[in-house]
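J.: Listed here are the chains, written in short residue letters.
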Amino acid sequence: MKIVKIDKKTWAAGIEKLTASYRLFGPVKEGDFHNFKELGSGEAPDLDCLNTRLSAKAIIYPQSENMFEYSLDESREDHHILKEVDTDYSPRAVIGIRPCDAKAFELVGLNFDTSEYKDPYWIKAREATTLIGLACSSPGSNCFCTTAGCGPFHEDGLDALVVDTGDHFLAKILTEKGEQLFAAAGWKQEAKAAGKQIEALKQEAEAKIASSVNTDNLSALDTTQLYNASFWEDVSFSCINCGTCTFVCPTCWCFDIQDETHGNSGVRMRNWDSCMYPLFTLHGTGHNPRGTKLHRVRQRFMHKLKYYVDKYDAGIQCVGCGRCVRSCPVNIDIRRVCELMNSFDSEKDTCAA
Amino acid sequence: MLSYIDKIKEISSRLLKDGTVDMIIGFRRGTVPMMNEPHFAKTTGDVEQLVWDSNCGINLANYLANRTEKIGIIAKGCDSRNIVTHIIENKIKREQLTIIGVPCKGMIDKRRINAMFDGEILQVAENGNTITVSGDGFEKKLEKDDMLQQNCRLCIHRNPVIYDELVAEQVEEQQDIDRYADIREIEALPPKEKESYFTDLFSACIRCYACRNACPLCYCPTCFVDESRPQWVGKSQDPADIKTFHFLRAYHCAGRCTDCGSCERVCPVGINMRILTRKLEKDSFELFGWEAGLSMDVRPPLDTYKPGDPDDFIK
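Protein chains in written order, with the numbering used here: chain A, 24 to 376; chain B, 205 to 519.
Isolated chain A, as found in the complex:
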């Protein structure tokens, strides 16, 4: 693995060079918040951003994505035939993605890219994307990544990890995609001995993570007993069933498919769905197995912290970015719910089945 030193003076020029071969995305401040945006010429990612309001999820998996188009005009030979839409899968790169958001793509991949099922839109976009991470030297107070299978210098999902040392950047090149991007940017000054410095900064950053979750007991718990636990009424009471937690979450992947027809032509699209919504899993009969607020709230936490754990044996479906904690309008805190679940004792739970 190669480490490259980048003089901060050459950073902007390198980014500019990349625009010749990549569509670039990065965190940009808009109003009071940072969000990921496609960078225009001369526009630089804002590396001072603690983290973006929404995750980087939408760069690979947009909130609304057209999949097919069709015509209802019967004078056309191809009427009523779904045709794949032309989507731009040219190389793109995300500069300044945090390790939690990159790791989230790995978790989502377990669902969208399996030996059984392949989601072509997600896979093509993921393959087209190079992720250049920015290590977190000052994590936020609601970040709990180190106990959620991630960390401020975590490398999973990234093609390169950039570390700001103050004077300059050090970059660990992690994949061939990363190599290619660094070659295109002209950043090639090797810093062979810098590994130790990065390791020291990593430990310093990890020590700053003040928030945590315990997940050690989740897989051993009985699913039905946990499902019937009495604490769900308390957990779900304040929930207003908005989609904020699921939309800001980098690992929430549910979508809903819609056809939209205007006149004689239309598109088949998919839009982010949310387990908080009344239409989520509503059956054609009108029955909804998750018909109440309690059902929906429980679904969200059981999916992330129990079903996913059991199905993939790859930890929880959460990277500890803390967005849902910060954005929930009524302050439902996944750390608190995780603790209730992890420490659940069916013997002591009066209302458990």
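Everything labelled a hint here was simulated from the structure, so no lab data went into it.
Because the structure is a prediction, the values reported are computed rather than measured.
Glycine included, every Cβ here is placed at the ideal spot set by N, Cα and C.
One or more of the hints may lead you astray.
[To be verified] Here are the in silico distance ranges between beta carbons for each label pair:
hint, chain 1, residue 1, chain 2, residue 2, range
1, B, Ala372, A, Leu73, 48 to 56 Å
2, A, Tyr140, B, Lys221, 53 to 61 Å
3, A, Asp368, B, Gln327, 48 to 56 Å
4, A, Lys32, B, Leu452, 50 to 58 Å
5, A, Lys215, B, Met320, 41 to 49 Å
6, B, Thr334, A, His306, 52 to 60 Å
7, B, Thr336, A, Gln212, 22 to 30 Å
8, B, Ala372, A, Thr315, 54 to 62 Å
9, B, Glu377, A, Lys52, 45 to 53 Å
10, B, Lys510, A, Glu66, 53 to 61 Å
[Said to hold, decoys possible] Examples of chain A residues lying across from chain B (beta carbon under 7 Å, computed):
hint, residue
11, Gln86
12, Ala216
13, Ser261
14, Phe270
15, Glu283
[To be verified] When the alpha-carbon atoms are kept at most 25 Å apart in a straight line, the in silico DSS-like pairs for lysine-lysine are as follows:
hint, chain 1, residue 1, chain 2, residue 2
16, B, Lys274, A, Lys316
17, B, Lys396, B, Lys483
18, B, Lys447, A, Lys52
19, B, Lys295, B, Lys246
20, B, Lys295, A, Lys316
21, A, Lys52, A, Lys32
22, B, Lys344, A, Lys52
23, B, Lys246, A, Lys316
24, B, Lys519, B, Lys486
25, B, Lys447, A, Lys60
26, B, Lys510, B, Lys486
27, A, Lys52, A, Lys106
28, A, Lys231, B, Lys344
29, A, Lys32, A, Lys200
30, A, Lys316, B, Lys297
31, A, Lys215, A, Lys28
32, A, Lys211, A, Lys25
33, A, Lys52, A, Lys40
34, B, Lys447, B, Lys398
35, A, Lys371, B, Lys246
36, B, Lys211, B, Lys246
37, A, Lys25, A, Lys200
38, B, Lys309, B, Lys211
39, B, Lys314, A, Lys52
Please arrange chain B on chain A, whose structure you already have, making use of the hints.
T.: Just chain B, lined up with the frame of chain A:
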């Protein structure tokens, strides 16, 4: 307002103990600065978790609709007006409720305070009219009166309009408030500019529907945006569909909205959709002399017909 909590706990414990209510709806301490969580207490032990400070901006009337228990509810001026509206609209019965009124001096604007600091805010402490904001390497004292949510700055009904218990002496109502200066500015814009104003206003919307779901008025069994047979509104990020949602929702609140500010407070992307509801509130006042939720004995203007109702919009 901090001193209210002892009285709130005392009343709550008494009501639970003597069986007057099955549950108390209030707030418990949040896990992040400037946030408290709506919470129910069913035992005197639960009551210990209740808190009251300037971060109780969520409208608790939203938690009442269609409940069947006997409920003690902690109500600021705006919450109490929405309770009245709920009673008028048959969403809850007056007999079910014991209203614990809280004379309110306003809630602080967490979004504005967050935006004032570059570093992350780690603690916000409140003492009288002083709000102390601190983080890594900074501490700043702010006057609470300068930091209120806009709806609280403009509030002219701080005292509960209906209550069974009152946790403190009534507070003085704010006088000479011009509630609609910003609305008049938008009214005066030429149509094109108005359109682009609204396009900008809603450009960040992610359709999470937090504004709708935090609103006590939005209790339709199926919201028009969730109708699927037939579907009325597109589901994508098309700006026309986003605006359709916001405009129609606002119209559904006409003559009912109390400007409690919950919609704006809960918006994860900071949209001031109150611009729409306040325009309708202004119209309700100017056309019908109506302010929502002040009386249980008068039917709302859009609920009834009077021969003198204004009709010069019919051309």
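J.: Each of the hints needs a verdict: does it hold here or not?
T.: Each hint tested on the structure:
no. : hint                             : result
1   : B:Ala372 to A:Leu73: 48 to 56 Å  : violated (39 Å)
2   : A:Tyr140 to B:Lys221: 53 to 61 Å : holds (57 Å)
3   : A:Asp368 to B:Gln327: 48 to 56 Å : violated (33 Å)
4   : A:Lys32 to B:Leu452: 50 to 58 Å  : holds (53 Å)
5   : A:Lys215 to B:Met320: 41 to 49 Å : holds (45 Å)
6   : B:Thr334 to A:His306: 52 to 60 Å : holds (55 Å)
7   : B:Thr336 to A:Gln212: 22 to 30 Å : violated (47 Å)
8   : B:Ala372 to A:Thr315: 54 to 62 Å : violated (37 Å)
9   : B:Glu377 to A:Lys52: 45 to 53 Å  : violated (39 Å)
10  : B:Lys510 to A:Glu66: 53 to 61 Å  : holds (58 Å)
11  : Gln86                            : holds (5 Å)
12  : Ala216                           : violated (31 Å)
13  : Ser261                           : holds (4 Å)
14  : Phe270                           : holds (5 Å)
15  : Glu283                           : holds (6 Å)
16  : B:Lys274 to A:Lys316             : holds (20 Å)
17  : B:Lys396 to B:Lys483             : holds (18 Å)
18  : B:Lys447 to A:Lys52              : holds (24 Å)
19  : B:Lys295 to B:Lys246             : holds (22 Å)
20  : B:Lys295 to A:Lys316             : holds (18 Å)
21  : A:Lys52 to A:Lys32               : holds (22 Å)
22  : B:Lys344 to A:Lys52              : holds (24 Å)
23  : B:Lys246 to A:Lys316             : holds (19 Å)
24  : B:Lys519 to B:Lys486             : holds (22 Å)
25  : B:Lys447 to A:Lys60              : holds (22 Å)
26  : B:Lys510 to B:Lys486             : holds (19 Å)
27  : A:Lys52 to A:Lys106              : violated (37 Å)
28  : A:Lys231 to B:Lys344             : holds (23 Å)
29  : A:Lys32 to A:Lys200              : holds (24 Å)
30  : A:Lys316 to B:Lys297             : holds (22 Å)
31  : A:Lys215 to A:Lys28              : holds (9 Å)
32  : A:Lys211 to A:Lys25              : holds (10 Å)
33  : A:Lys52 to A:Lys40               : holds (22 Å)
34  : B:Lys447 to B:Lys398             : holds (13 Å)
35  : A:Lys371 to B:Lys246             : holds (19 Å)
36  : B:Lys211 to B:Lys246             : holds (17 Å)
37  : A:Lys25 to A:Lys200              : holds (13 Å)
38  : B:Lys309 to B:Lys211             : holds (17 Å)
39  : B:Lys314 to A:Lys52              : holds (19 Å)
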